[in-house]
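Protein chains: 2
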Amino acid sequence: MNLVVVLVAPRNPLNIGAAARAMQNFGCEVLRVVNPYQVAFREAVSAVSAGPILQSAQEFDTVADAIADCSLVVGTTSIGHRELKHPLKLLPPGAKAIRRAPGKTALLFGSEKFGLSNDDISHSHWLMRIQTIDQSRSMNLGQAVAVCLYEIARSPVTPAEPKQSRPATMGELEQMTQMLLDASRRSGYMNPVVASSTENKVRRMVRRLNLSARDVSVWMGMLRQILWKLGNSE
Amino acid sequence: MNLVVVLVAPRNPLNIGAAARAMQNFGCEVLRVVNPYQVAFREAVSAVSAGPILQSAQEFDTVADAIADCSLVVGTTSIGHRELKHPLKLLPPGAKAIRRAPGKTALLFGSEKFGLSNDDISHSHWLMRIQTIDQSRSMNLGQAVAVCLYEIARSPVTPAEPKQSRPATMGELEQMTQMLLDASRRSGYMNPVVASSTENKVRRMVRRLNLSARDVSVWMGMLRQILWKLGNSE
Numbered sequence: 001m002n003l004v005v006v007l008v009a010p011r012n013p014l015n016i017g018a019a020a021r022a023m024q025n026f027g028c029e030v031l032r033v034v035n036p037y038q039v040a041f042r043e044a045v046s047a048v049s050a051g052p053i054l055q056s057a058q059e060f061d062t063v064a065d066a067i068a069d070c071s072l073v074v075g076t077t078s079i080g081h082r083e084l085k086h087p088l089k090l091l092p093p094g095a096k097a098i099r100r101a102p103g104k105t106a107l108l109f110g111s112e113k114f115g116l117s118n119d120d121i122s123h124s125h126w127l128m129r130i131q132t133i134d135q136s137r138s139m140n141l142g143q144a145v146a147v148c149l150y151e152i153a154r155s156p157v158t159p160a161e162p163k164q165s166r167p168a169t170m171g172e173l174e175q176m177t178q179m180l181l182d183a184s185r186r187s188g189y190m191n192p193v194v195a196s197s198t199e200n201k202v203r204r205m206v207r208r209l210n211l212s213a214r215d216v217s218v219w220m221g222m223l224r225q226i227l228w229k230l231g232n233s234e
Numbered sequence: 001m002n003l004v005v006v007l008v009a010p011r012n013p014l015n016i017g018a019a020a021r022a023m024q025n026f027g028c029e030v031l032r033v034v035n036p037y038q039v040a041f042r043e044a045v046s047a048v049s050a051g052p053i054l055q056s057a058q059e060f061d062t063v064a065d066a067i068a069d070c071s072l073v074v075g076t077t078s079i080g081h082r083e084l085k086h087p088l089k090l091l092p093p094g095a096k097a098i099r100r101a102p103g104k105t106a107l108l109f110g111s112e113k114f115g116l117s118n119d120d121i122s123h124s125h126w127l128m129r130i131q132t133i134d135q136s137r138s139m140n141l142g143q144a145v146a147v148c149l150y151e152i153a154r155s156p157v158t159p160a161e162p163k164q165s166r167p168a169t170m171g172e173l174e175q176m177t178q179m180l181l182d183a184s185r186r187s188g189y190m191n192p193v194v195a196s197s198t199e200n201k202v203r204r205m206v207r208r209l210n211l212s213a214r215d216v217s218v219w220m221g222m223l224r225q226i227l228w229k230l231g232n233s234e
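Chains as they are written, first to last, in my numbering: chain A, 1 to 234; chain B, 1 to 234.
Calculated directly from the structure, the hints in this document are not laboratory data. As the structure is a prediction and not an experimental result, all values here were calculated from the model. The beta-carbon is built from N, C-alpha and C at its ideal position, and this holds for glycine as well. Treat the hints with caution; some may be incorrect.
[What the hints assert, rightly or not] DEER-style ranges, computed between Cβ atoms:
1) Leu88(B) x Pro93(A): 24 to 32 Å
2) Gly27(A) x Trp228(B): 49 to 57 Å
3) Ser49(A) x Gln175(B): 57 to 65 Å
4) Met220(A) x Trp228(B): 32 to 40 Å
5) Pro102(B) x Ser117(A): 44 to 52 Å
6) Asn2(B) x Pro93(A): 25 to 33 Å
7) Val194(B) x Val39(A): 44 to 52 Å
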């Protein structure tokens with residue numbers, strides 16, 4: 001399974017361990033942890049029960065770094081309450097889409113207490129929700145990981161259709177996003193007062209484009225030229 | 001859901017709590033515990049996080065007593081190793097059978113360490129297994145309960161995904177394309193010699209983006225501003 005599980009700011013070593021155990025159960029090997037509560041992370045990794053997945057877990061400072069080599073990023077949410085600006089899929093169709101994704105997919109889980117922040121979510125292509133009875137109460141982190149991986153692993157893997165060009169990686173998309181933001185700033189499109197919300201809006205939009213690596217390089221060529229010209233005019 | 005979750009000889013209060021939490025998530029209310037490790041059971045029930053399911057959990061001395069009022073009894077197992085004398089269903093068909101059962105169904109989970117004993121199993125009509133990759137390693141108890149209840153509660157009909165913004169019309173896409181081409185010309189990106197092939201390339205690229213009407217208007221806002229700024233510099 002070409003899937004990376006990313007735990008963002010987890011606080012409980014038992015949950016980190018449980019996530020790793022579910023990964024082993026369902027054949028998912030790469031665990032990444034962003035900005036974890038250090039005591040928890042050390043404790044999880046050094047536990048007697050820690051298997052190879054935990055021991056090779058990679059640690060990152062930011063979500064952007066953790067997903068840089070992925071071409072699809074899916075955030076998980078328990079929502080209801082938050083105003084969603086992202087497309088939302090329920091788990092069964094979401095899992096199907098993940099199974100069919102041609103490149104490496106990152107599945108993001110937020111902290112036990114707060115879930116994913118809007119900033120974390122802005123890196124996602126779409127959000128996925130496990131359909132529970134009580135929308136008011138979120139699932140336990142380890143259990144949410146288990147249910148998601150169960151559903152993703154459930155059916156025979158449908159081989160992805162051959163794509164003409166490989167999908168862009170998140171690193172490439174972020175580079176393009178930065179150039180676009182730069183152009184927005186230099187042209188005066190971006191109002192400094194609401195800059196951060198505009199930034200997230202633009203980031204989300206670029207993720208929705210479903211760009212191939214080749215398209216990204218075309219975009220970057222155009223933007224580079226536009227930036228050069230805009231720069232001259234300052 | 002006319003389902004009773006029966007934990008046989010659980011030893012870890014966190015697992016008992018996790019089972020109850022998953023039950024609440026998926027709308028299953030009756031928890032029964034057979035011969036639990038007393039310290040663990042007391043601790044689970046008295047935890048601050050203990051909801052109504054845990055507080056009304058019933059305790060029994062034997063499996064027979066715990067399932068006396070049920071008309072279908074299903075044991076869960078991680079198998080491979082044990083010689084099975086019972087019919088075995090994988091989770092998806094098993095869950096379907098449970099959903100269709102007319103009376104009260106008991107779903108048995110064994111202890112964290114040993115699973116269900118042959119004696120416990122003898123009370124079951126059939127066994128159910130979650131299909132994992134590594135048959136050698138069992139699932140965590142709380143996670144197994146969550147995955148089983150998720151599958152049993154999943155609706156036969158997948159609810160429609162929430163609607164997204166309407167897709168952009170071709171007219172809108174062409175307007176955006178023209179602005180992008182204009183920016184390419186004014187910035188010097190477009191080489192006049194190969195202009196028409198570049199134009200087509202850009203047009204195709206914009207069509208591939210799968211843009212919503214809302215996204216197109218954001219793009220056009222940015223491009224309008226960039227064009228205005230580029231125009232000034234001519």
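Here's how the hints hold up against the structure:
1. Leu88(B) x Pro93(A): 24 to 32 Å: holds, 29 Å
2. Gly27(A) x Trp228(B): 49 to 57 Å: holds, 53 Å
3. Ser49(A) x Gln175(B): 57 to 65 Å: holds, 59 Å
4. Met220(A) x Trp228(B): 32 to 40 Å: At roughly 22 Å between Cβ atoms, Trp228(B) and Met220(A) fall outside 32 to 40 Å, so the hint is violated.
5. Pro102(B) x Ser117(A): 44 to 52 Å: Because 47 Å falls inside the window, the suggested range holds.
6. Asn2(B) x Pro93(A): 25 to 33 Å: Distance hint for Asn2(B), Pro93(A) holds at roughly 28 Å.
7. Val194(B) x Val39(A): 44 to 52 Å: violated, 60 Å
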